[in-house]
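Following the hints, position chains R, C and W against chain G.
Chains as they are written, first to last, in our numbering: chain G, 112 to 487; chain R, 112 to 487; chain C, 112 to 487; chain W, 112 to 487.
Accuracy of the hints is not assured; some may be wrong.
Same chains, same label: a pair holds when it works inside one copy or across any pair of copies.
Claimed, not checked - Calculated cross-link-like contacts (lysine-lysine; reagent style BS3-like; alpha-carbon spacing at most 30 Å): (1) 385 / 165; (2) 165 / 342; (3) 246 / 332; (4) 429 / 332; (5) 165 / 332; (6) 243 / 454; (7) 342 / 332; (8) 332 / 243; (9) 385 / 342; (10) 246 / 454; (11) 454 / 165; (12) 385 / 454; (13) 342 / 429.
Because the hints were derived from the structure by calculation, they are not lab data.
Protein chains: 4
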Amino acid sequence: MADTIRRIGVLTGGGDCPGLNAVIRAAVKTAINEYDWEVLGIEDGFEGLIQPGKVRPLTAADVRGILPRGGTILGTTNRANPFHYEVETDAGVAVFDVSDDVVRHAQVLGIDALIVIGGDGSLRIAHELMQKGLKVVGVPKTIDNDLQGTVVTFGFDTAVNTAMEALDKLHTTAESHHRVIILELMGRDAGWIALKAGIAGGADVILIPEIPYDIEVVADKINTRNRRGAKFSIVVVAEGAKPVGGEAVYQAERQVGGERRLGGIGETLAVQLKGHCEAEVRVTVLGHLQRGGSPSAFDRLLATRFGAVAVHLVAQGKLGHMVALQDERIISVSIADAVAAQKFVPLDSDILLTAFGLDICLGNSRQVIEEMQAGG
Amino acid sequence: MADTIRRIGVLTGGGDCPGLNAVIRAAVKTAINEYDWEVLGIEDGFEGLIQPGKVRPLTAADVRGILPRGGTILGTTNRANPFHYEVETDAGVAVFDVSDDVVRHAQVLGIDALIVIGGDGSLRIAHELMQKGLKVVGVPKTIDNDLQGTVVTFGFDTAVNTAMEALDKLHTTAESHHRVIILELMGRDAGWIALKAGIAGGADVILIPEIPYDIEVVADKINTRNRRGAKFSIVVVAEGAKPVGGEAVYQAERQVGGERRLGGIGETLAVQLKGHCEAEVRVTVLGHLQRGGSPSAFDRLLATRFGAVAVHLVAQGKLGHMVALQDERIISVSIADAVAAQKFVPLDSDILLTAFGLDICLGNSRQVIEEMQAGG
Amino acid sequence: MADTIRRIGVLTGGGDCPGLNAVIRAAVKTAINEYDWEVLGIEDGFEGLIQPGKVRPLTAADVRGILPRGGTILGTTNRANPFHYEVETDAGVAVFDVSDDVVRHAQVLGIDALIVIGGDGSLRIAHELMQKGLKVVGVPKTIDNDLQGTVVTFGFDTAVNTAMEALDKLHTTAESHHRVIILELMGRDAGWIALKAGIAGGADVILIPEIPYDIEVVADKINTRNRRGAKFSIVVVAEGAKPVGGEAVYQAERQVGGERRLGGIGETLAVQLKGHCEAEVRVTVLGHLQRGGSPSAFDRLLATRFGAVAVHLVAQGKLGHMVALQDERIISVSIADAVAAQKFVPLDSDILLTAFGLDICLGNSRQVIEEMQAGG
Amino acid sequence: MADTIRRIGVLTGGGDCPGLNAVIRAAVKTAINEYDWEVLGIEDGFEGLIQPGKVRPLTAADVRGILPRGGTILGTTNRANPFHYEVETDAGVAVFDVSDDVVRHAQVLGIDALIVIGGDGSLRIAHELMQKGLKVVGVPKTIDNDLQGTVVTFGFDTAVNTAMEALDKLHTTAESHHRVIILELMGRDAGWIALKAGIAGGADVILIPEIPYDIEVVADKINTRNRRGAKFSIVVVAEGAKPVGGEAVYQAERQVGGERRLGGIGETLAVQLKGHCEAEVRVTVLGHLQRGGSPSAFDRLLATRFGAVAVHLVAQGKLGHMVALQDERIISVSIADAVAAQKFVPLDSDILLTAFGLDICLGNSRQVIEEMQAGG
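This is chain G alone, in the form it adopts within the complex (with noise of 0.2 Å):
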C-alpha cells in the first residue's frame, strides 16, 4: 500500500503531555527518510480540519530541536469534536455534525492517510471518521495511564516523576513542622500516578478511585504515626478519589456549612482531617504542573518509537490500529478494542501488596480491600 501513499497528516488532539512533540519529530522524519512521503501538520486536534488556515508541512527543519520539549507545537483542544461541534451564535451554543467536511477537507489537502495521536476521545473519532472513509492509523495519549492495549503510553512517566520530586519537596516542610500535607494528583477514573508517585515518594496514605477510601481508617494511621513519634504524614490523593458512599457523600463533604464549595478532593480531605487529627493540615494542588517539562527519557524513547512504528503501519496499511506498548515491543492494535474500556489498577496487583508491606493506608482496611477484590 506504501505506494499509493503520497501525503499525510499529523495532528495532536486532547490534553497536551509531555512527549507529543517526540511523536511528531519521529513521524515526520520517518516518513521523509523512509517513506519519501509529504507531512502536513494540522493545527489544534480535529479544529485544524474544520477552520480554514490551519494546516502547515512539517519538514525535517519544522521538527529540529523539539525532541526534549513538552507541549505539541501543533497545537491541540479537547473541545472540537468533528461530530458534535459547538459554535456560539447570538441565540446561544449550536451543535452541528461537521464529520463530512472533515473528511471531505482531507481529501482536498491531498491527505492520504491521517496519524491522529490523542487520548480515548480523539481515538474515538478518529474511528468513527474512518467509517466515513478517512484512513487513520492512530497515536495513544493518555497521561493518566487508564487506556486499554497498550501497557503505558508517553507522559505518563513524566507526570510521575514530576510528582514524585512534589512529594520530595512536601516531605522537609512536612517533617520539619509537624504537619499533615495532602498533595491532590491527577487520575479521575483510574489511580496510577497517584500509586506509583506515591510508593516512589515516601507517601504514608495514597487515596484512589479504585478504592473508596474510610476517613476513620486514614485518620487512624495519621494519629498512630503522630503517637509512635513521627510527627508528620504525606497524603497522596488522587483528583477521582470517593470516600465510602461516593459522589453523593463526597459532594455532601464538600459542602461547609454551606457557606463555601470547597476546590476539589484535597482541600475536602482537609476539612474532613481536621475533625480527626490534631495536626495542622496543609493542601497542594499539582495541578497542570503534571502535563508540563521536558520528558523523561522513557517518554521521549517510547514517543519516539511510537511515531516511527506510526508510519510503518501506515505504509503497512493497517488502518484503524494504532500502535501499543507490549512485552517491551511496539505492536499494533485495534483502535475500537483500545477505546472500548478503561485500565483501572488491579486490586491484586503486587504494587498493592508492596504498599501492605510497607504499612500504607490504600485507605481502608486490609481485609475490606481483600474482600473487595475477592468480590470485584
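Below, chains R, C and W alone, put in the same frame as chain G:
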C-alpha cells in the same frame, strides 16, 4: 570572650526553607573545629526552650549528610512566642509571658550563647530575650527576601528556581492550548520572588504587592498578545498583590455572587480576567513547594558561610548582631536595625526598567508606575 | 516455611547503583510488618560475612529517609569473592576459598535466609553458597541492563536519564561551536544505555558493542551533516564498542604514534575521527556520574517492589530464586537460569528500526546490520 | 545620541555559556520596544564580520522561546581575531590583520553600534576595534568568573550548580565503595567554580590555582578521614591547580614512567595520591557539561538585565563601556579597565575562613596559606 564560652545553643524558628540544615551543619562544625565548644540543638524553635525534653547535643556525626537536605533537622514552628505563649485550656486559649522561664531554662542548660536562625519574628523575639540577659547571635532567614540589612538570605534563590521551573512547565501547556495560565507565588508584602522568577521564566504579566494592578491594563496586555498571534499568556502573581483600591476592593472581588469565597489572589484574578478576555484561564498555586527541595548551590554556600560566621560572631562577643551579606562579604549588623523595616522592590530598580524593555506588563501603565516612583 | 524463619540477612554486592537503598528499605519494612522477622545488615557485600564486625541490626528507624538516596547504606565492593578471596601478604597476593567460613558465619549469626542484592557476579556466588547450605534469595542489580530473566532492573532508568541530560547539555555547546561531541557511556558488553539514551537525547551517531563500527561510515555521516548545514554532530559511544576487526584493531588504534595510550573508546574514536572529518572533536566521559543521584520514580518503585517481593519469596521458601520483572509483574526466576547468559540488544528490535527511520548512524550501513541480523 | 542610531549589531564570542541567548533576547526586545531600532545578528563571533553571508536580521519572533536554552543562536568561536586572523594556505597557516575590513564591513551593513557579548579576549578585540572607529558596547561573559569590574557574570551560577549536582551524585558512590573520588572542574587561572561548588557539594579537599597544593597535606587529610571512620573522600580540583613548585613539577609528575602522559590535573593527582593513600581513587572530568544546560534563574535574570541595559548604554552613547553587576545594580564600567587584570580568589575571603571552619583541606596547611596571604 571566646574563652568564657563552653556551650552554645542553636535553634530554627518560623517557616522552613532550603538551607537551614546547611547553617546548622556549618555552625556545629565550626564551633567544634575552631573553638572546641559543645553545641546543643533546640527543637521546634523557642518551643524547645519552653517545653521539656526538646534539647539534644549536636556532634559532627549528627550533621553529617544534611547539607543537601531541605528543611531543618531541629524542627521549627511559627507559633511559639515566649512573650505571648498560647496554651489551650478548657476555658479557651490562655496567653502567658514565659520569657523569664526561657532565659532561666537556657541558663540551666549551660547555654552561654544562642544562635537563632529565623525570620523577623524570631529575630525580634531573640532581640527582646537579649534584654533579659540571654546572649544571642542571629542568622536571618526569609524566603520572601524582605528583610533589611542583608542583600539576600538563603532559601530565596532555591524558591526562585523552583518557581521558574514551574513556569517552564506551564509554558508548554499554555502554548499548546492557547490559554492564559496564572501562577500564584509567595510574597505577602514584597514581590521579589514573583518579579525575579517571572522575568527568569518569561512571564508576560507580573503582579507584585508594590504595584496595585488595574485589571483593564492586564486584560489589555493579554488581548493584545492574542491579536498579534501569541495566543497564550503567562501571568505571575505574588500572593500579596492587590488591585487598585487595595484590600477592600480585593475582598469584594473575591466574593463572587455571594456564593463562594475564592481561595486567593490567583483564583480571584482568574475570575476577573474571564470578564475581560476571550481566553481560557487556568490557575496554579505553587504553595509549599517553594519552601522545599535541596538548596541551590548559592543557598548552600550562603547558608554555610552564615553558619560559620555566626559562630565567629559569638566568639567575638558581637551579641545582638546577625550575619548579613553585603558586597559579596559576610558582615554583621544589629538585629534591631535589621528588623526595623521591610525591604520592598524599589520602583526605580533596573529590574523594572528591564521588564519595561521586554514589554512585560507590571499591572499598570508605565506612566502610572513612574508617577508612583516619583511620588515615592 | 515462614514460621521457621526468625532472622534474615541483607547484603549489597558489586557496583553501586540508584535504588539499592530502596530495596533495603522495602525488605526491612516488609520483613518486620508482615512477618515480624529480625533483619541483619551485612556490610560491604560478602566481605561482611568474611571479616568480623561488619554486621548490624536494621530496624524501621534505620531505613527511614533512605528511599530517595543513591548508593547503599550497607556499603558494597566488587572484590570479595568467598570462593576466591584475595589477601595481601608479604609474599604477594594469596588466594583462599573461605566459602565454608561464610556459611558457618551466617549460621552463627542466626541468619535463616540471606537476601543478596547484586549483579551476575554476586548472584553466581550466592548460587554457589546455596549448594553449601546457605538459604538465598536474589535481587538482580545491573545498571547495564544485561541480565537475563528480568525485563529490566532498577538503576538503569536513572542512568539513562542522567546520560540523556548530559546529551541535552552537550547539544547546546556542539551547536554553538559547530563541533563533534563524543559522549562515552557505560556498557561493556551490551549497548542498552547508549542506545536508549542516545535516541532520547537526539544523538546523530550511536555506537554499541553489538555492532562493530566502520569509522568511514561514521565519518561519512558527520560529513554529510556538515554539508547539509547541520554543522555539529553528537556521537554516543558505549565503553565496550569496538571497530570492525574487534579488540586487536581497537588496541592498535588506541596506541597513537607509540607515544601515548589513549584513555578509552571515546578518546580513541576522537583521534580516528580527526583523520576523517574537518570538524573539531571533543570527548566527555560520563563515568561514575551514571551510577549516582537520586533514583527516578521508575527505579524507586521497581526497587521497592523487588525488596518487598524478595521477602515474600523467602517466606514462600523459593530459595535459589530471584525476583524479576516480566509483563509489568514481579515474578520469581531461578538464579541459575538468570546468570547463564547475558542479554544483548537484539538486532531486530523495533528500537533499531526506529533509529533507522530517524537516520541515526549505528556505526555501519543498514545493509551490513541487516546481514548481521540475518546471520546472527 | 539615540536618535542617530537606527541599526545595531549583536555578536557572541569565546566559549559558549548558559545565558547567552537570554542576553540576545533582551537586547533585541529592548532595542525594538524602547528605541525602534533594527538589530542584526552576527554569526560565529567576529568571524561573522570577516566572512560573507553570516549576518541576519533579528526580530522579536527570532528570539521567542530562547530564554531557557543554553548556548547561543548566533554561534560562537574562540578563534576569529581580526587583528590576527589565521588562514590555512598550501604553505601553512598565514596570519592577517583584517581589522580595517571588519570596521568597513560593519559600516557597509549600516551597523551604528555593536554589542559584543564575550570574555576578556573578545572584549579586548572590541576595545581595539573602537580605536578604529567601530562603536562598541560590551557584555562580559566568563564562566570562570575571573573578570574584573563585575561581581559576577551569567553562566557561572549554572556551572556551579552543575558541578554541585555532580558532587551530590559522586558522594553516594564514594561512600558506598569507600573510595577517593576526584572531580576536575573548570578554572584555568582562578578557582571560583571549584571553591564554591566544592563547599556547596560538601567536598573534603578543594584545590585551586591560587594555592599550590602539597600532596602530603592532601594525602594526610584523606588518611585522617579513613582512620576516623569516614572511609571515603571527595576531592575537587580546578583544572589550573598546580603542586608546590608549579608548572615544572606538574609536568614532571604528569609524565609517568616515561610511558604515558596523563590527561590533566585530575588524573595526575590520582596517580600522586595512589602513592600516598590506601584508598581506591577514581577521577571524573566534568568538562563541557559545565557550559551546557538551561541557565539557572540567577543567570537568566542577570543575562536579561545585561542585555537590556547594554541597549540603554548604546542609546546613552556610553561607547567603550560594558555592563557590570555591582551592589545588586547594573552599572557601566570601562572595557579597558575591566580587561586590565584577572580576578582571583582572595586569600582573606570569608569563604576560605568558612572552609577552615568546616575542616576542608585547601591543599596546604592553614599556616602556609595565612603566610601567603600576609605575603601576597
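Evaluation of the provided hints:
For the homomeric pair residue 385 and residue 165, the shortest alpha-carbon distance between copies (26 Å) is at most 30 Å, but the shortest distance inside one copy (51 Å) is not. Taking the shortest alpha-carbon separations for residue 165 and residue 342, only the inter-copy value of 14 Å comes in at or below 30 Å, while the best intra-copy value is 56 Å. Taking identical chains as interchangeable, the C-alpha atoms of residue 246 and residue 332 are never at most 30 Å apart, the minima being 54 Å within one chain and 36 Å between chains. With identical chains, the CA atoms of residue 429 and residue 332 are never at most 30 Å apart, being 52 Å at best within one copy and 33 Å at best between copies.
Proximity of residue 165 and residue 332 under a CA criterion of 30 Å is satisfied inter-copy only: 25 Å between copies versus 54 Å inside one chain copy. Taking the shortest alpha-carbon separations for residue 243 and residue 454, only the intra-copy value of 28 Å comes in at or below 30 Å, while the best inter-copy value is 47 Å. For the homomeric pair residue 342 and residue 332, the shortest alpha-carbon distance inside one copy (12 Å) is at most 30 Å, but the shortest distance between copies (40 Å) is not. Taking CA atoms no more than 30 Å apart as the test, residue 332 paired with residue 243 passes in neither setting, with 55 Å inside one copy and 44 Å between copies.
In this assembly of identical chains, the alpha carbons of residue 385 and residue 342 lie at most 30 Å apart only when taken from the same copy (15 Å versus 42 Å across copies). Taking CA atoms no more than 30 Å apart as the test, residue 246 paired with residue 454 passes inside one copy only; the shortest distance there is 27 Å, against 39 Å between copies. Neither within a single protomer nor between protomers do residue 454 and residue 165 lie at most 30 Å apart by alpha-carbon distance, with minima of 34 Å and 47 Å respectively. Within a single copy, residue 385 and residue 454 get their C-alpha atoms no closer than 34 Å, and across copies no closer than 36 Å, so neither meets the 30 Å cut-off.
In the homo-oligomer, the alpha carbons of residue 342 and residue 429 never lie at most 30 Å apart, since the shortest distance is 57 Å inside one protomer and 37 Å across protomers.
Consistency with the previously given hints fails for numbers 3, 4, 8, 11, 12 and 13, ordered from lowest to highest.
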